[in-house]
Amino acid sequence: MKLNINRSLASRIVFYVLTFCLFLFIISLSVFYFFSKKQMKEMTYNYAEAITNNTVLKTELILSPITKIANNYKWIIENKRLSSDSIFGITRKIIGNNPEIVGCAIAYESFFFKEKGRYFAPYSCREKGNIKTFQLGSTEYEYFVMDWYQIPASIQKPYWSEPYFDTGGANTLITTFSMPFYSMHGKEKSFAGVITIDVALDWLTDIVSSVKILETGYASVLSRNGTFVTHPKKELMMNQTIFSYASEMNNPELRTIGREMQKGKTGFVSSTLNGVERVLYYTPLPSSNWTLAVVFPKSEMFLPLRKITVALIFLVVIGLILLTFIVSRIVSRQISPLEIFAKSAREVANGNFNNKLPDIKSKDEMKHLHDSFEHMQKDLSTYIEHLKSTTSAKEKIESELRIAREIQMGMIPKIFPPFPNLSEIDLFATLQPAKEVGGDLYDFFLIDDKHLCFAIGDVSGKGVPASLFMAVTRTLLRSLAPNQLSTAVIVNALNKSLSAGNESNMFVTFFLGILDVESGILKYSNAGHNPPLLVHPDGTTEFFELTKDIPVGLFDDFDYGEKVLNLSKNDKLFLYTDGVTEAEDAEEKLYSDQKLIDCVRAHFESQTKDLIRFVAEDIALHVKGNQQSDDLTMLSIVYYGNQDEGSL
Amino acid sequence: MNITKEKIGEFLVLTLYGRVDTNNFNELEQAIGQVFEADEKKIVLNCSGLNYISSSGLRIFLTALKKVNAMHGTLHLCSMQPVIKEIFDISGFSTIFQIFDTQKEALE
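Protein chains in written order, with the numbering used here: chain X, 150 to 797; chain G, 18 to 125.
With the rest of the complex left out, here is chain X (with noise of 0.2 Å):
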């Protein structure tokens, strides 16, 4: 199974700086964009100022020199005497020696020479290369009502008239300059006429049209009535005003802003124009009072802040994608090793302990992470060998234990009523075990007709040792009982056998009693064993008292002592081992002595057999399920005595 392990991690690492980054970018090109943009309107605006202020110095240049020819001519006009007729001279010679002119009229009031009576303005003008000179005025052409003559005369001003097409030539735009001229008479002056000059604006085109801002932004110059003088498209030219042109375009701002050019105003504005937002400049040109203004889109002047904009994200994103890469292959060959040892991790729990490890090389955690397993795979090896040794081992022990158990358990009798034919006694035993192997024991058997031999002993300790004590002391007993009808003779036999090289001093508490059922006379040892309760039909019970005997298999010499006690009829023994007296409940409480009491009072009456199991009941329920420490074991013996003399 492939594990995604680094994967997730990997990703998680890349998602994170990935966000980190692009947060960076997004703060920084906002920043970026927004102070650039402002810096690009600026230069824009800038630059759209200089290009303007350019242009209206270039047509000064060329228009300004007209004003100073007409007053330079009308100063000699007016403070000279002269001939009507040198006046054709002067025509010519302002057209001659200005090559930028291309006509020129001097036309007075009519009778200002009486000689040349109503009309008389001599006209010089180009024609072919050639200059050709006459006389204007004559009836069908009333010079007087023309507005180059009128509108000065009137104004008493010089005079710009609107652009024309030249009618009479070349198709060429031109623009006549009218200044009106007086005649002096001592400090009086009067009006005597208007000195015209008309400029050809091809040079006006031209300058206007070499106007290039930003991508399409154009220059315009509109004359003071708004007509288009120059204009990229050539329709507008000369046909349209710019207010017609507004309503056209039903475009209201468009005629504030012709408004205010006419009132001669500079300044920026922006508006949308044939559906573009655009910026506007506009600024007079001082000599004429027309206007120059100049166009370009908005969106233009953003277009390279765009440009770099576009590029930076290209560069960003690709720069992102190479970082993403480069991270996630960073963090995959860094933790790479970490998908090896969870494989390992898992072959360990599958108990393969010499699974190979990534090799690490660095010195840093996963070195130590390395070294960590390297360690506990020693480690778990050695510990599941040692285990596995030590497991058998525990399970031969415990098998063989187990078949000790049974053997040792063999060994005790188990049949009741043990003695059917024999009606002045009934007995009843049982040895509960504990989960080990313990020492306790208990037998009875006759040794003739009428001597019944039973006993009940507690080997110190548990486990093999003590069933093995138990099993030689229960062969001791069987083989020195015979013929043999004391008590203290045969524990001391038993003593010394077991004494005899007990280097372990393992020793058994043991009481042994040999009652003759035909008389009641019972004669016991106890060696060191709690002494049994004897039960009088009555209910009432006495321990045996303590004799001062010590366990047997202790000292060879010892030398136990036989005491006698009578029975009487219906009279009961409870004998046991301290496995009843001291049981434990969970909290190490004890049975006790007076608990037993308490039981055996309480049962008196009842069988042999009964009063045992009432007894185990009782230290069940003292226990409350706590684990059996220690074997039970309980021997209890009715003596009924002699029927017959009962019955009598």
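Do not rely on the hints blindly, as some may be mistaken.
[To be verified] Result set (DSS-like, lysine-lysine): computed pairs, CA atoms no more than 27 Å apart in a straight line: (1) K645/X with K83/G; (2) K59/G with K697/X; (3) K697/X with K102/G; (4) K412/X with K382/X; (5) K697/X with K121/G; (6) K738/X with K102/G; (7) K84/G with K697/X; (8) K645/X with K84/G.
[As the list claims (entries may be wrong)] Chain G is nowhere near these chain X residues, computed Cβ spacing over 12 Å in every case: (9) F183; (10) N221; (11) A491; (12) S541; (13) G677.
Don't read these hints as lab results, they were simulated from the structure. Bear in mind the structure is a predicted one, so any value in this text is a computation, not a measurement. Don't be surprised by glycine CBs; every beta carbon is placed ideally from N, CA and C.
Start from chain X and add chain G according to the hints.
Frame of chain X; chain G shown alone:
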């Protein structure tokens, strides 16, 4: 189980606390074994803190007694709680051990 050792005069006093049962009698066996290794011959076992003793524990007492007897030393027991005293009485061990009511008497 806890065992503390204290040298008082010629005697080495071992005070026992808790239980001595089948599961931990080895600890007592080792402690007493160390005492013999250190060549102490006069020993007092103060049983004031002892509240349970199994037959395995009694065996350790007995082994100690036999060793002491073999090297002509003394082993005194003292300050037994009634339950422990009863076990010694029932098993007849009271007759083979020298048992004193107080540690002071055991040290005399």
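Hint by hint, here is what the structure shows:
A C-alpha spacing of about 16 Å is found between K645/X and K83/G, which places the hinted pair at or below 27 Å, so the restraint holds. Annotation: proposed proximity of K59/G to K697/X holds, straight-line Cα distance about 25 Å (limit 27 Å). For the given pair, K697/X sits about 13 Å from K102/G by alpha-carbon distance, which is consistent with the 27 Å threshold. Annotation: proposed proximity of K412/X to K382/X holds, straight-line Cα distance about 25 Å (limit 27 Å).
Of the pairs offered as hints, the one joining K697/X and K121/G holds, with about 26 Å between alpha carbons and a cut-off of 27 Å not exceeded. Restraint check: the Cα-Cα separation between K738/X and K102/G comes to about 18 Å, which is no more than 27 Å; the hinted pair holds. Distance check on the hinted pair: K84/G and K697/X sit about 22 Å apart at the alpha-carbon level, within 27 Å; holds. Using a Cα cut-off of 27 Å, the hinted pair K645/X and K84/G holds, with the two alpha carbons roughly 20 Å apart.
With a least CB separation of 81 Å from chain G, F183/X remains clear of the 12 Å interface cut-off, as annotated. Even its closest Cβ contact with chain G, about 136 Å, leaves N221/X beyond 12 Å, as expected for a residue assigned away from the interface. With a least CB separation of 42 Å from chain G, A491/X remains clear of the 12 Å interface cut-off, as annotated. With a cut of 12 Å on Cβ distances, S541/X stays outside the contact zone with chain G, its closest approach being about 24 Å.
With a least beta-carbon separation of about 4 Å from chain G, G677/X fails to lie farther than 12 Å from that chain, contradicting its non-interface assignment.
When held up to the earlier numbered hints, the structure conflicts with hint 13 and nothing else.
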